[in-house]
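J.: Each chain, written out:
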Amino acid sequence: MRTLEYLLGAPELRATFWPPVLVGLLVAALCSALSVPVVLKRMAFVGQGVSHAAFGGVGVALALGLIIGAAAHGTGLLAVVTLFCVAAALGIAWLSDRPGARTDTAIGIVLAASMAVGFLLIRAAAARMRASGLPPPPSVESILFGSVLNVGPGDAVLAAAATAAVLALLWWYRRPMLFWAFDESASPAFGVPSRAMRSLLLIVLALAIVVTMRLAGVVLATALLVLPGAAALELTDRLRPVYAIAMAVGVLGVAAGLVLSFEMNWQPGPSIVLALTAMFAAARAASSLRSRRAHPQEKPA
Amino acid sequence: MSDPATNATPAIDYVGVGFAYPRPVAGANGGSVEALRDITLRVEPGERLGILGPNGAGKTTLMRITLGLLPCQRGAVRIFGRTPEQARRERLIGYVPQRSDAELAFPISVRQAVELGPAGRLTGFARLSPDDRRRVEESMSLLGIADLADRPVGKLSGGQFQRTLIARALAVGARVLLLDEPTVGIDVTGQRRFAELLTSLRDRLGVTIVVVSHDLRTIAAASDRVACLSRTLHSHVAPEGLTPAVLAEVFRHDVEGVFGEVHVDAHPAADCDDPAHHHHHHHDHAKGGGA
Numbered sequence: 015m016r017t018l019e020y021l022l023g024a025p026e027l028r029a030t031f032w033p034p035v036l037v038g039l040l041v042a043a044l045c046s047a048l049s050v051p052v053v054l055k056r057m058a059f060v061g062q063g064v065s066h067a068a069f070g071g072v073g074v075a076l077a078l079g080l081i082i083g084a085a086a087h088g089t090g091l092l093a094v095v096t097l098f099c100v101a102a103a104l105g106i107a108w109l110s111d112r113p114g115a116r117t118d119t120a121i122g123i124v125l126a127a128s129m130a131v132g133f134l135l136i137r138a139a140a141a142r143m144r145a146s147g148l149p150p151p152p153s154v155e156s157i158l159f160g161s162v163l164n165v166g167p168g169d170a171v172l173a174a175a176a177t178a179a180v181l182a183l184l185w186w187y188r189r190p191m192l193f194w195a196f197d198e199s200a201s202p203a204f205g206v207p208s209r210a211m212r213s214l215l216l217i218v219l220a221l222a223i224v225v226t227m228r229l230a231g232v233v234l235a236t237a238l239l240v241l242p243g244a245a246a247l248e249l250t251d252r253l254r255p256v257y258a259i260a261m262a263v264g265v266l267g268v269a270a271g272l273v274l275s276f277e278m279n280w281q282p283g284p285s286i287v288l289a290l291t292a293m294f295a296a297a298r299a300a301s302s303l304r305s306r307r308a309h310p311q312e313k314p315a
Numbered sequence: 185m186s187d188p189a190t191n192a193t194p195a196i197d198y199v200g201v202g203f204a205y206p207r208p209v210a211g212a213n214g215g216s217v218e219a220l221r222d223i224t225l226r227v228e229p230g231e232r233l234g235i236l237g238p239n240g241a242g243k244t245t246l247m248r249i250t251l252g253l254l255p256c257q258r259g260a261v262r263i264f265g266r267t268p269e270q271a272r273r274e275r276l277i278g279y280v281p282q283r284s285d286a287e288l289a290f291p292i293s294v295r296q297a298v299e300l301g302p303a304g305r306l307t308g309f310a311r312l313s314p315d316d317r318r319r320v321e322e323s324m325s326l327l328g329i330a331d332l333a334d335r336p337v338g339k340l341s342g343g344q345f346q347r348t349l350i351a352r353a354l355a356v357g358a359r360v361l362l363l364d365e366p367t368v369g370i371d372v373t374g375q376r377r378f379a380e381l382l383t384s385l386r387d388r389l390g391v392t393i394v395v396v397s398h399d400l401r402t403i404a405a406a407s408d409r410v411a412c413l414s415r416t417l418h419s420h421v422a423p424e425g426l427t428p429a430v431l432a433e434v435f436r437h438d439v440e441g442v443f444g445e446v447h448v449d450a451h452p453a454a455d456c457d458d459p460a461h462h463h464h465h466h467h468d469h470a471k472g473g474g475a
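Protein sequence lines correspond, in order, to chains S and Y.
Take the first sequence: its letters are residues 15 to 315, numbered as in our numbering.
Take the second sequence: its letters are residues 185 to 475, numbered as in our numbering.
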């Protein structure tokens, strides 16, 4: 078992592998709590758009880093990426708020464009940095699919802070958020600010993606924002159980994915997504089995 | 119910309400699209008013103004003497959206959905007041869904779901119920039962009921008085007064309105000023209670 060796073995190993595990469990809690409103409001594709904007954000951050000479790693990069994601999220909110808007078209365009910009800028920046003897930036592959080695103790602190902040926000606004998710068009008439709720959800979505992408990569971060909620909604139609199951699925899936990643020496992003997908499939199978076996329920009159 | 005409403060008082949307098409030579013109109407407390109008007649605009979600560009609206914004803060109006707008497969119980009425705007540590809690339970019993309180809304029938939405609106302690297209997708028997339900709510709570719909049958069954809306008010009559001539006027006008709205601004609804339909200029002779 490499996992045990990594987590309980020599100090250097522990120093390398504990931060990604901590970050993984934190973002699992964060993303699975968010995944419930994301799935209920059918915002999976919005999340996809925001996370791909993060890729463009990395490119821009690296290019900026070269121009103004600031470190292309660490907090500067993260700050730029965060700004980029929040801007993308609010841009999507603004676009989808317009009458007759085609949200999916807008997201599709933003997504593709930021991937293109990101890829070219990252490549160009990497070449320049190599040429001038700077430490190379993270590889495109590790940005896309995540890497255990991307994640240091600083990331664990950041993930803890972001998780605490987002969960607190979600709890504070739980009732207006619930009303908005349940019945958006009626919510203003009941004093629930629907636009503010949408923006809030998109901003915390962007934050969650930023802290998740170091570990799981931008392409796969959204899986964490969809699969736990989707699995939970297969299993129950009660509010608190939905959240509890989603968080359990998220934490278990990430743990299993990390073990898989350590044992097989796979990248963490794909391993986590595979584990979560397997759990979703199991939930789906369980729910269809149950509904097939269930005695015909009282028919809706 | 006492004769509503004797009451002092009207439940809703529209005086010369007008509204126009900015022209949506860029490059068009400015101007605006008139949605409502000179709406004057007095809704008496305890009355069941139907607002009948085809699509594009301004029903949604009128509802949004009544709910304080759109400003009243011309004229004024008062709800029990308050502005719509005040009325919303004081929760005087309970809004019942079209059933199809709410998410059916949603993981909440009937009670949780009804509680959202008074609780939707609460944040953080704020809790439902005991009064609100009591009203939640009372509203569910009034609508006959108390025994479904713990059922997930996804397992309700259409009619039960609608009762849940009405209970949610009543649970805020509303004195006016505003229902948007309440019978879409409900069969004839269901519509009749629905009308009876509204009557019993009015009789037991004294609540004023405004039903907004394009469906003639709904309006005729659920109203004491009908206002025909097609950008402006054409007439307000007892349901029996909905003669083919009146309806033809309302719906014909709208056919022009629907196609003309975007570019026909040049002759702003000139046919509205047909002298045969000037009821809205002397609104205060409210004709209450049919029969």
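No lab work stands behind these hints: they were computed from the structure.
Just so you know, these numbers come straight off a predicted model, no measurement behind them.
Here a beta-carbon is modelled for each residue, glycine too, at the ideal position from N, C-alpha and C.
Heads up, a few of these hints could be off.
As the list claims (entries may be wrong) - Listed next, the stretches of chain Y that the computed footprint assigns to chain S, with coverage defined by at least 3 CB atoms under 8 Å from CB atoms of chain S: (1) 215 to 222; (2) 335 to 344; (3) 407 to 414.
Stated by the list, open to error - Simulated restraints on C-beta separations: (4) Y:ARG266 - S:PRO207: 18 to 24 Å; (5) Y:SER341 - S:ARG16: 52 to 58 Å; (6) S:SER302 - Y:GLY215: 27 to 33 Å.
To be verified - Derived DMTMM-like pairs (lysine to aspartate or glutamate); straight-line CA-CA distance at most 25 Å: (7) S:LYS55 - Y:ASP334; (8) S:LYS55 - Y:GLU365; (9) Y:LYS339 - S:GLU277; (10) Y:LYS339 - S:GLU248; (11) Y:LYS339 - S:ASP251; (12) S:LYS55 - Y:GLU321; (13) Y:LYS339 - Y:GLU321; (14) S:LYS55 - S:GLU277.
J.: Take the hints in turn and mark each one as holding or not.
T.: Verification of the hints:
no. : hint                            : verdict
1   : 215 to 222                      : violated (count 0)
2   : 335 to 344                      : holds (count 8)
3   : 407 to 414                      : violated (count 0)
4   : Y:ARG266 - S:PRO207: 18 to 24 Å : 21 Å, holds
5   : Y:SER341 - S:ARG16: 52 to 58 Å  : 55 Å, holds
6   : S:SER302 - Y:GLY215: 27 to 33 Å : 56 Å, violated
7   : S:LYS55 - Y:ASP334              : 23 Å, holds
8   : S:LYS55 - Y:GLU365              : 24 Å, holds
9   : Y:LYS339 - S:GLU277             : 44 Å, violated
10  : Y:LYS339 - S:GLU248             : 14 Å, holds
11  : Y:LYS339 - S:ASP251             : 9 Å, holds
12  : S:LYS55 - Y:GLU321              : 28 Å, violated
13  : Y:LYS339 - Y:GLU321             : 20 Å, holds
14  : S:LYS55 - S:GLU277              : 36 Å, violated
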